[in-house]
Amino acid sequence: MGLSRIDEVAIAIAAKACLGRPKLGSQIHGLAVVSGFMDYLAVCNSLMNVYCKSRDLKGALCIFEHLKNPDTVSYNTVLSGFGDNKEALRFACAMHSSGIAFDAVTCTTVLAHCAHGQEFDFGFQLHCLVSKFGLKTEIFIANALVTMYSKSGKISDAGKLFDEMPHRDSVSWNAILSGYVQEGGCGFEAVLGFIEMVKQGMKLDHVSLTSVISACGQERILNSGKQIHALSVKTGYSTHVSVCNVLMSMYSKCEIFEDAKLVFENIHDPNVVSWTTMLSINDEEAVNLFKEMMRHEINPNEVTFIGLIHAITKHSMVQEGLTVHGFCIKSNFLSEINVANSFITMYGKFKMVEDCVKVFEELDYREIISWNAMIAAYSLNGLYQEALQVFLSALKELQPNPYTFGSVLHAIASSESISLKQGQRCHSWIKKLGLDTDPIVSGALLDMYAKRAIISAHSRHGAHDSVMKYFKNMLTEGVKPDAITFLSVLTSCGRNGMVDLGIKIFNSMVDEYFVEPFSEHYSCVVDMLGRAGRLQEAEEFMRNIPGGPGVSVLQSLLGNCRIYGDVEMGVRVSDALIEMEPEESGSYVLMSNLFAEKGKWDKVARIRTMMRRRRVVKEVGFSWADVGSGGESVNLHGFSSGDKSHPLSNEIYYMADLVGSEMKRKRERICNI
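When we follow the UniProt record's numbering, the leftmost residue of the sequence shown carries the number 1, and every step to the right adds one.
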């Protein structure tokens with residue numbers, strides 16, 4: 001056929017025949033230019049399709065920009081070539097602004113770019129537009145909408161759309177099944193959906209089987225997984241590489257490793273995912289599998305190296321780790337951030353901290369996982385101060401996540417030299433970020449506070465032996481006790497009369513551990529001496545407190561003066577207390593009780609007069625009545641003398657008078673006998 005016999009239809013058909021053959025397509029393009037057929041829209045559309053299918057968007061746009069009157073097909077063709085979501089949506093907006101109406105193909109193509117973030121907002125608006133123009137019933141558009149909502153994590157909306165579809169095909173079912181699997185935690189829904197799909201006679205393909213097998217793996221449903229494996233054999237998909245890959249993963253999650261290996265051995269042409277999955281399953285043979293993979297000329301990817309490094313780390317294969325590191329440098333995989341992070345973790349476990357630092361410092365950029373790996377490496381090797389410094393540096397660049405706090409809290413908990421205040425500071429950040437309910441963080445916080453909390457709890461319950469046991473264990477493990485720990489131990493010593501031991505521990509707190517005592521510590525020692533009747537020593541100790549004794553110290557000594565009847569010292573202490581807190585009733589009452597016990601009623605009267613003159617009011621004492629039954633506190637009521645705030649106060653006072661009168665009569669009867 002001569003060139004004179006070629007027309008625009010022949011060129012368009014020839015261009016369509018060149019799909020997947022970009023070089024031949026370029027030649028047809030050249031022929032169309034030379035022959036003057038580029039003014040025909042059908043020819044241009046076919047040529048743009050060739051370029052888009054060859055992933056040459058630039059070539060397609062070059063033709064599109066010279067079109068005088070592009071139609072819907074022109075726009076749809078170019079839209080199909082975009083890989084970048086934002087660019088695709090920008091082009092769709094230009095199409096809409098040009099007055100070109102969206103059809104089902106346009107909507108389907110655009111919705112594929114609308115799964116995340118701002119793009120989803122665009123997709124939601126397009127959903128509204130589709131509903132407005134009655135296109136929602138088009139099965140292709142409905143499938144695209146289900147896929148969009150599924151990928152956006154809105155599985156309930158996807159399910160609602162799926163249920164509303166008047167007609168469904170295999171693509172519809174595959175879209176919702178994939179959504180359930182992607183969502184996580186919806187594996188049972190995916191399995192039930194698959195069963196319904198089979199009941200309705202839908203044609204199964206590798207996508208359907210891949211989704212439902214993944215769901216069985218997620219939920220560890222081994223029996224269903226085996227049945228679907230059998231179904232894949234029956235339908236001829238048992239050797240399909242993607243089906244085999246998820247079967248391997250499913251069996252490994254169910255800990256049936258031999259079956260996973262058998263599946264791998266039956267794959268005709270395993271790909272990088274197959275080898276990587278097998279490598280992660282059989283970590284003891286990971287290095288040999290990697291070598292075998294390379295012999296088969298399968299190029300490893302980032303995930304392959306992460307799995308390989310994890311296996312090497314787990315089995316402490318130092319030399320193999322160094323070899324793989326060298327391979328990654330040569331093949332430029334060390335520039336992959338997740339691979340570099342894995343090496344930091346590996347060197348940390350191998351106690352090769354300098355190598356950790358080198359990998360970390362050579363990173364082009366650092367994400368929070370990189371910082372976490374470095375903090376954990378330092379902490380694992382006992383370099384707790386360095387771990388804390390890395391954490392503080394990370395805060396300047398990125399927001400920490402639960403793993404960051406887990407690592408740094410472990411360092412703080414394990415260090416002798418890091419103050420608990422650093423841990424409390426971390427606790428404050430954790431609360432601000434709303435991470436205090438995260439199981440990793442809460443576990444790390446519990447670990448940090450644990451020994452101090454255990455000692456404090458035993459101290460409150462008077463278990464002195466347990467307190468001292470945990471305190472000694474704490475010191476043996478090299479954990480530096482803080483002020484709170486010492487307070488709990490001193491309290492326990494005081495309550496159990498271990499005065500000399502308590503004094504010794506107080507002195508070690510100051511002289512050996514350089515913990516600055518609070519007023520509560522001084523009060524505890526004074527109370528300890530006072531309980532033992534060593535009031536003179538207590539007063540002498542009190543005089544040596546830097547800055548003078550506080551209120552709690554004086555109150556403690558005054559209480560013991562009352563117990564042992566030392567009026568003279570009680571007066572001195574009481575005067576000091578009243579001077580500090582002239583309106584606090586406790587000091588007056590304690591001194592008044594001391595005088596009363598000694599029969600010095602004139603001094604009692606003088607104190608009461610002083611209280612009235614200074615308008616010091618004794619705090620009202622409360623009592624509690626538990627009206628529960630069977631030991632259960634159903635209703636707990638508080639009351640005090642003269643109180644009429646209770647809504648049933650009239651009935652209560654009436655009943656109290658009756659009970660009082662009855663008691664008086666019985667007492668008088670007994671006295672008359």
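Calculated from the structure, these hints are not laboratory results. Since the structure is predicted, the reported quantities are computational estimates derived from the model, not experimental observations. Beta carbons are placed, not taken as given, at the ideal position from N, Cα and C, and that holds for glycine. Incorrect hints may have been included.
In the DSSO-like style, the derived pairs of lysine-lysine whose C-alpha atoms are separated by at most 27 Å in a straight line are [what the hints assert, rightly or not]:
1) 136 x 154
2) 314 x 261
3) 53 x 86
Estimated spans, in silico, between C-beta atoms of each pair [claimed, not checked]:
4) 299 x 196: 56 to 66 Å
5) 203 x 436: 33 to 43 Å
6) 137 x 425: 57 to 67 Å
7) 268 x 316: 27 to 37 Å
8) 184 x 137: 22 to 32 Å
9) 9 x 185: 14 to 24 Å
(request) List, from low to high, the hint numbers that the structure doesn't satisfy. (result) 4, 5 and 9
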